[in-house]
Amino acid sequence: MAEHVQSLPESLQLRILSLLTESAPAASPTADARLEGSYRAWAHGLAARLAAHRVAWQDDMLPTGAASSLLGAAEELPADALAPAGMGASVARWRDESVRSDRIGWVPLEPSSGSGDSPFGALHATSGWSELRAALSDVVAALNHEAAVRPGGERLRLPEKLMLAHYPRGGRYVRHSDVSAATSHRRVTVIVYLNPEWDPSRGGQLRLFLPPHSSSGRCSAPCSPPSEGETATATILQLAAMATSGAAPPASPCLGPPPAAASQQTSPPSASPPAASLPSIFVSVASYRDPEAPHTIRSLFAQAESPSRVLVGVCFQCALDGDEAHRPAPSPVADADCLDLSLLRPEWAANVRVLRLPWREAKGPVWARFLIQRRLLRDEDYYLQVDSHSRFAPGWDAELLAMLKRCASPKPVLTTYPLPYDGDAQGATLSQERRATLLCTRAARDDAFGADGMLRFRARLLERQPCSPLPTAFWAAGFSFSASSLVREVPYDPHLPFLFFGEEVSLALRMWSRGWDLFAPDAHLVYHKWARGQRKGTFWEVEGGAALKRESQARVRRREWYEEYSGVRFEAKQVSAQAERGGMPTEACFWNQFACLDAWLQAREAQHPEE
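In this text, residue positions in the sequence shown follow this note's numbering: the first is 180, and each later residue adds one.
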């Protein structure tokens with residue numbers, strides 16, 4: 180009978196199961212009461228990582244001794260407490276140790292009054308069990324908090340029983356899905372490892388096969404196993420999306436064809452839709468005595484699919500007319516060239532809003548970007564922020580809008596450190612690198628926090644091309660694209676003069692705490708000139724700037740939840756392996772020779788340590 184039922188379609192198996200059992204499969208989970216409870220900060224960070232990546236892990240989930248007490252009680256269970264695991268349910272259940280060889284027992288989450296007679300009574304009596312229940316409750320509360328801010332987010336509850344599994348040496352469980360029609364109520368799987376010294380040679384390493392979200396190919400990613408010497412490492416897998424109301428599918432790493440290499444285009448497309456029917460894009464460009472700025476603005480229009488929808492707000496900080504005598508040093512290029520917009524077509528120039536300031540009044544990039552937001556931004560639909568030494572791929576405007584829609588969030592921000600371009604002015608050539616970049620912290624061994632105590636970042640090249648924009652914990656000031664409502668919710672702070680390192684951490688934390696999610700682009704649309712030879716000075720030459728910089732750095736606040744999410748401990752000046760990987764599960768996600776932008780950034784800092 181079982182073999183016949185097993186051969187039926189899953190929908191019929193489910194129907195038979197519902198008729199044979201006392202009740203239908205569990206309904207969708209109900210709300211957890213502790214939406215705003217005192218759950219631990221790590222649980223909130225774990226929930227945020229799960230919402231972003233659909234997989235997350237947490238070391239030291241339980242206090243010292245709790246995991247060992249659970250392990251000790253589990254090892255002393257009577258022989259009949261665990262039974263060979265099977266697949267399927269009810270009459271369709273079957274067993275095959277070559278497919279699944281673990282022995283399992285279903286342990287009630289809440290000990291009953293008669294639990295002393297239960298084979299799991301000793302397990303319930305341990306301190307570790309109460310700690311495990313509390314930790315799982317914290318995770319559910321944090322997941323419900325995360326779901327509350329997402330359209331269509333589902334609220335969860337804990338199950339009545341937990342599965343205790345023991346794998347003999349060399350045991351396995353083949354590739355499978357935890358979600359089926361018979362278990363459609365499942366949303367999250369939590370796996371807690373109790374063994375203190377896991378070794379890869381023993382087997383049991385978890386591997387994830389994430390469903391693809393494009394025709395590029397199936398996604399797969401190895402999950403981080405428990406670290407040697409650690410206990411109670413938790414891995415949680417999101418098996419069904421928390422956001423279901425029309426949300427884009429979550430991003431995940433996958434193998435697919437790389438995007439075409441970008442090349443310069445000298446003229447705009449011949450046909451564009453009417454400007455009135457297009458969403459508008461405001462582009463913020465802060466420039467300090469930079470002769471590349473006019474060419475950046477020209478590239479914005481020349482490479483746009485629809486230049487009419489592009490509005491540029493630029494803050495020029497230069498030596499103005501009659502100001503030459505006060506310039507700090509002679510320069511091979513006149514400051515007039517830093518703000519010369521004669522390269523623009525008349526219809527392009529009409530879409531440029533200009534703010535000119537004497538270089539002596541400059542207060543750093545944060546102040547300049549604040550002025551642009553306050554004085555030049557109007558009612559445009561989208562907001563792009565770039566540095567004054569940038570170039571753009573053909574059709575960047577349409578591609579960015581389409582890419583933003585592919586982000587798995589109602590409030591997404593696209594951001595990364597762009598690839599470099601070489602040369603100056605109209606002789607610029609774009610990098611031909613095709614691998615996507617992900618913003619990560621500098622490695623701990625390479626002094627992740629600089630001499631000033633501020634966190635340093637790098638862009639790492641991914642081994643596999645993402646199917647869609649990849650969630651990230653970090654933000655880059657030199658390339659940020661979002662809805663313009665971001666500026667209203669998270670405007671620049673005008674009280675951080677001369678802040679440079681620290682700007683990106685401050686804004687990332689504020690964006691994240693207001694519900695904005697950060698994503699790395701899945702194609703290269705913006706390029707950046709990392710070499711500084713063309714620039715004639717920096718805002719540090721302004722009198723009093725160094726002292727004001729130190730005051731601004733001291734004002735950059737940190738929040739515990741963001742530390743858990745990002746894997747960065749600011750006060751201790753520590754970055755975790757999670758931060759070094761930008762949230763990716765393993766080093767295998769990155770191209771082995773990932774020094775592309777890192778080399779540029781470290782060379783720049785070596786030559787200009789105060790910039």
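Hints are computed from structural coordinates only; laboratory data are not their basis. Incorrect hints may appear among the rest.
The calculated label-pair distances, taken between Cβ atoms and stated as ranges, are [unchecked claim]:
id, residue 1, residue 2, range
1, Leu520, Ala756, 25 to 33 Å
2, Glu766, Ser456, 43 to 51 Å
3, Arg272, Ala756, 22 to 30 Å
4, Ser277, Pro298, 37 to 45 Å
5, Arg272, Ala581, 22 to 30 Å
6, Trp273, Glu376, 29 to 37 Å
7, Glu339, Asp275, 26 to 34 Å
8, Ser664, Asp275, 19 to 27 Å
9, Arg693, Asp626, 26 to 34 Å
Even for Gly, the Cβ is constructed at its ideal location relative to N, Cα and C.
Results for each hint:
1. Leu520 with Ala756: 25 to 33 Å: 47 Å, violated
2. Glu766 with Ser456: 43 to 51 Å: Given a distance of about 46 Å, which is inside 43 to 51 Å, the answer is holds.
3. Arg272 with Ala756: 22 to 30 Å: 40 Å, violated
4. Ser277 with Pro298: 37 to 45 Å: Since serine 277 and proline 298 have Cβ atoms about 28 Å apart, the given range 37 to 45 Å is violated.
5. Arg272 with Ala581: 22 to 30 Å: 47 Å, violated
6. Trp273 with Glu376: 29 to 37 Å: 34 Å, holds
7. Glu339 with Asp275: 26 to 34 Å: 28 Å, holds
8. Ser664 with Asp275: 19 to 27 Å: 54 Å, violated
9. Arg693 with Asp626: 26 to 34 Å: Given about 31 Å between the Cβ atoms, the range holds.
Hints 1, 3, 4, 5, 8, counting from the list given before, are not met by this structure.
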